[in-house]
Amino acid sequence: MFEATASALQQLFSLGPLLAFFLVIPYALIGGLLPGTNLPLTVILLGFAHRIDPLVALVLVTAKDAAGDITEPVPSILMGIPGARAAQATILDGYPLAQQGKAAYALGASYTTTLVGGLVGAAVLYAFLPVGREVLKLLGSAEFFLLSLAGIAAVAVVSSGALVKGLLTAAFGITIACMGNSFTGENIRTDFGIDYLWDGVPLIPSVVGLFAVPEVVGLVVSNKAIAREHAEDVLHGKASQQQALEGMREAFRHKLLMARSSIIGVIVGVIPGVGASAAHWISYAQARQTEKGATETFGTGDIRGVIAADAPNNSIDGAELIPTLAFGIPGSGGKAIFLALLILLGYVPGPSMLNEHLDITIALVFTIALANVVVVPIMFMFAGTIAKFTALKPTLIAPFVAGVVMLSAFQSSSSMADLGIVAAFTALGLFMKAYGWPRTPILIALVLIPTVEKNLWTASQAYGLEMLLRPQFLAILVIGIGLVVWTARTQRSAQVAAQSQGFKEAAAD
Amino acid sequence: MSMEENKQPGAQPETSGPPEQPSGSPGFLRRLTRPEVAGEMVLLAIVGVMFGTMLWESREWTTASALMPRIAIGIGAPLWLIRVFGLVRYALGTQPERYRGVRREEDSGGRIMDLGFYMGDDQRAALKRFLSITGALLILLLGIWLFGWHFTLPLWTFAYLLLFAKVKIWQAALGGIFFLAVIIGVYGALFDTLWNDPVVLRLLR
Numbered sequence: 001m002f003e004a005t006a007s008a009l010q011q012l013f014s015l016g017p018l019l020a021f022f023l024v025i026p027y028a029l030i031g032g033l034l035p036g037t038n039l040p041l042t043v044i045l046l047g048f049a050h051r052i053d054p055l056v057a058l059v060l061v062t063a064k065d066a067a068g069d070i071t072e073p074v075p076s077i078l079m080g081i082p083g084a085r086a087a088q089a090t091i092l093d094g095y096p097l098a099q100q101g102k103a104a105y106a107l108g109a110s111y112t113t114t115l116v117g118g119l120v121g122a123a124v125l126y127a128f129l130p131v132g133r134e135v136l137k138l139l140g141s142a143e144f145f146l147l148s149l150a151g152i153a154a155v156a157v158v159s160s161g162a163l164v165k166g167l168l169t170a171a172f173g174i175t176i177a178c179m180g181n182s183f184t185g186e187n188i189r190t191d192f193g194i195d196y197l198w199d200g201v202p203l204i205p206s207v208v209g210l211f212a213v214p215e216v217v218g219l220v221v222s223n224k225a226i227a228r229e230h231a232e233d234v235l236h237g238k239a240s241q242q243q244a245l246e247g248m249r250e251a252f253r254h255k256l257l258m259a260r261s262s263i264i265g266v267i268v269g270v271i272p273g274v275g276a277s278a279a280h281w282i283s284y285a286q287a288r289q290t291e292k293g294a295t296e297t298f299g300t301g302d303i304r305g306v307i308a309a310d311a312p313n314n315s316i317d318g319a320e321l322i323p324t325l326a327f328g329i330p331g332s333g334g335k336a337i338f339l340a341l342l343i344l345l346g347y348v349p350g351p352s353m354l355n356e357h358l359d360i361t362i363a364l365v366f367t368i369a370l371a372n373v374v375v376v377p378i379m380f381m382f383a384g385t386i387a388k389f390t391a392l393k394p395t396l397i398a399p400f401v402a403g404v405v406m407l408s409a410f411q412s413s414s415s416m417a418d419l420g421i422v423a424a425f426t427a428l429g430l431f432m433k434a435y436g437w438p439r440t441p442i443l444i445a446l447v448l449i450p451t452v453e454k455n456l457w458t459a460s461q462a463y464g465l466e467m468l469l470r471p472q473f474l475a476i477l478v479i480g481i482g483l484v485v486w487t488a489r490t491q492r493s494a495q496v497a498a499q500s501q502g503f504k505e506a507a508a509d
Numbered sequence: 001m002s003m004e005e006n007k008q009p010g011a012q013p014e015t016s017g018p019p020e021q022p023s024g025s026p027g028f029l030r031r032l033t034r035p036e037v038a039g040e041m042v043l044l045a046i047v048g049v050m051f052g053t054m055l056w057e058s059r060e061w062t063t064a065s066a067l068m069p070r071i072a073i074g075i076g077a078p079l080w081l082i083r084v085f086g087l088v089r090y091a092l093g094t095q096p097e098r099y100r101g102v103r104r105e106e107d108s109g110g111r112i113m114d115l116g117f118y119m120g121d122d123q124r125a126a127l128k129r130f131l132s133i134t135g136a137l138l139i140l141l142l143g144i145w146l147f148g149w150h151f152t153l154p155l156w157t158f159a160y161l162l163l164f165a166k167v168k169i170w171q172a173a174l175g176g177i178f179f180l181a182v183i184i185g186v187y188g189a190l191f192d193t194l195w196n197d198p199v200v201l202r203l204l205r
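Sequence lines, in order, name chains B and P. Each step along the first sequence adds one to the number in the working numbering, with nothing skipped, and position 154 is 154. Each step along the second sequence adds one to the number in the working numbering, with nothing skipped, and position 114 is 114.
There may be inaccurate statements among the hints.
Partial pick of chain B residues on the chain P-facing surface, computed with a CB cut under 10 Å [claimed, not checked]:
| no. | residue |
| --- | --- |
| 1 | L149 |
| 2 | T184 |
| 3 | T190 |
| 4 | F192 |
| 5 | I194 |
| 6 | V213 |
| 7 | V221 |
| 8 | K255 |
| 9 | A259 |
| 10 | Q286 |
| 11 | S414 |
Distance condition first, Cα-Cα at most 30 Å in a straight line; then the derived DSSO-like pairs of lysine-lysine [stated by the list, open to error]:
| no. | chain 1 | residue 1 | chain 2 | residue 2 |
| --- | --- | --- | --- | --- |
| 12 | B | K393 | P | K166 |
| 13 | P | K128 | P | K166 |
| 14 | P | K128 | P | K168 |
| 15 | B | K255 | B | K292 |
| 16 | B | K137 | B | K454 |
| 17 | P | K168 | B | K393 |
| 18 | B | K393 | P | K128 |
Just so you know, the hints here were simulated from the structure itself, not pulled from any lab data. C-beta atoms are modelled at their ideal positions from N, C-alpha and C, and glycine is treated no differently.
Please build the complete structure, drawing on both the sequences and the hints.
What follows is the structure, encoded as structure tokens:
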């Protein structure tokens, strides 16, 4: 572990990854504010995965995600509007504080809390690595098959909030992922007479169609540009340094609350499908119940409300990487794309990430920690300037996002058929988005099914039906079912907390 | 699509009881073709075709190839039937509206991801925006196929910025030049991308 840590540090602090890290930070800070702008970079990287140094690509994505989350509370506090990942709970106390002229005070507390949360998440991920290595030794192909299937099911059930719709989408996603050449090479499975589909449904155009283009459409339809005068208010000195420092001190006065809320983020992050927004609400609700006098003061501009809502914001990042790297189960759409990138770069999630490539895994831990340490001071200094980007009109952003993602989709195989896939999946994505069918399970299925299928076949050959009686298999089955039930209940309680505060539902990621 | 759905959120109260229209009356068809039901029927039809085709074709596959699709269809088919049955029952008027699980504006809370489009207060303007962006994207795809990337993407960006973002001509031109530079400099020179042969060029040759 020590050697891997030293090697990770050495690699991370070499020229390429370090340069990539600092180049991506400004992009991430703006991307965190604007819905729909975060995905293009990951899509571009997917397209160029085979031409980039693997560590550089992973550092780019990890730093982008960690840094982007830090700007999340800015529009919530300053304008009362959630940013890219819908930090709704932060609005409840952050926005009233801004209206009282204490925006910088709230932002100061928020950044400090986010920094601590991010470091807690990274530390938990680091601490998990030796434990994870031992756990993985107990698992065989049968268990990995079940784990992946349970992961897809959990995300499906939780992300839709409806059992039937969620599982139906997951099954549909698996059939899409099974199209084309079978993994044994013996059969061409359902291709609807289209030769292009012999290699299966390509991942990058599907991601662009299912997620990126519908997000561009959503961005334009919502027309959620923030009034310029609000952003300019901030620029005219409301965010004073002194207030921000006072907010920082205030956060440290509530150490226990900060720690508790960060740990909630970690727990939620480890479980596939629950998502960051639910973590915000769960944490806010527990603070409201446990903090002294909070039932009266929360919602009126209580700084503890900001701390409770924002601490899970970044602790979830490290935690989400645990199931993704160790078991190959992405907990969200974002992590599914990350997993796809990992696979395209030649890494296999699971035991190899915690053994042969432990240094890379540890480098990612340090990237998360470094992103928090670097970005928080930047935010303390330039919050007002960065907030100005929220005034950008969606119609100004849309053509650039659309152009970049289309280029990336085409880049994957330089075929016009790629754009046909984009069009088909865009239609599907728009329908699914409009009718509340979750799209994430399809993405996860596209990423995971090739491996899942191999594991299923290997296990069925090695154990036959006896695989169903293996103690590890049964244990995972019981834990998996329990997890799905618990996750659904947890999300429902987050939903209740959101609804009790006037929001219709906790946002899905 | 979703606009139509959301245009009539107040058509019935969210927790209304079984509607009075009996089966076979005009109400049945009207309910079945209401945008929020018809759209989901389209989705279910796509899923049904996929399941049916794959299951039928899997007869000729080896066990290794057929195992995973069959497991997925085995789980998915009963759920598909439940969903179709639920929507038909709603159309027949034997199921309360709240059970049908069709999203409406008041359910979505004005959010973006996976929960329907945020419509805002002005539904007509939102519909216009939806049509403008989807139409523009279709034109982009069609343009790339017909005229290629180098011509279409910069011109499309220029036109979109000018028409919809209402920026000044020189600003829109900068947007177009940006993409021309990316196509030539990054994708062309740096990554040696193979571009498609535009249909119009082929015809001209």
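Results for each hint:
1. L149: holds, 8 Å
2. T184: holds, 5 Å
3. T190: holds, 5 Å
4. F192: holds, 7 Å
5. I194: Hint on I194/B: violated, closest Cβ of chain P at ~13 Å, above 10 Å.
6. V213: holds, 7 Å
7. V221: holds, 5 Å
8. K255: Not OK, violated: K255/B not within 10 Å of chain P, min 33 Å.
9. A259: violated, 29 Å
10. Q286: Hint on Q286/B: violated, closest Cβ of chain P at ~22 Å, above 10 Å.
11. S414: holds, 4 Å
12. K393/B <-> K166/P: Status holds; Cα separation ~10 Å.
13. K128/P <-> K166/P: holds, 16 Å
14. K128/P <-> K168/P: holds, 22 Å
15. K255/B <-> K292/B: holds, 15 Å
16. K137/B <-> K454/B: Since the Cα atoms of K137/B and K454/B sit roughly 19 Å apart, the hinted pair holds (cutoff 30 Å).
17. K168/P <-> K393/B: holds, 14 Å
18. K393/B <-> K128/P: holds, 16 Å
Checked against the numbered hints above, the structure violates hints 5, 8, 9 and 10; every other hint is satisfied.
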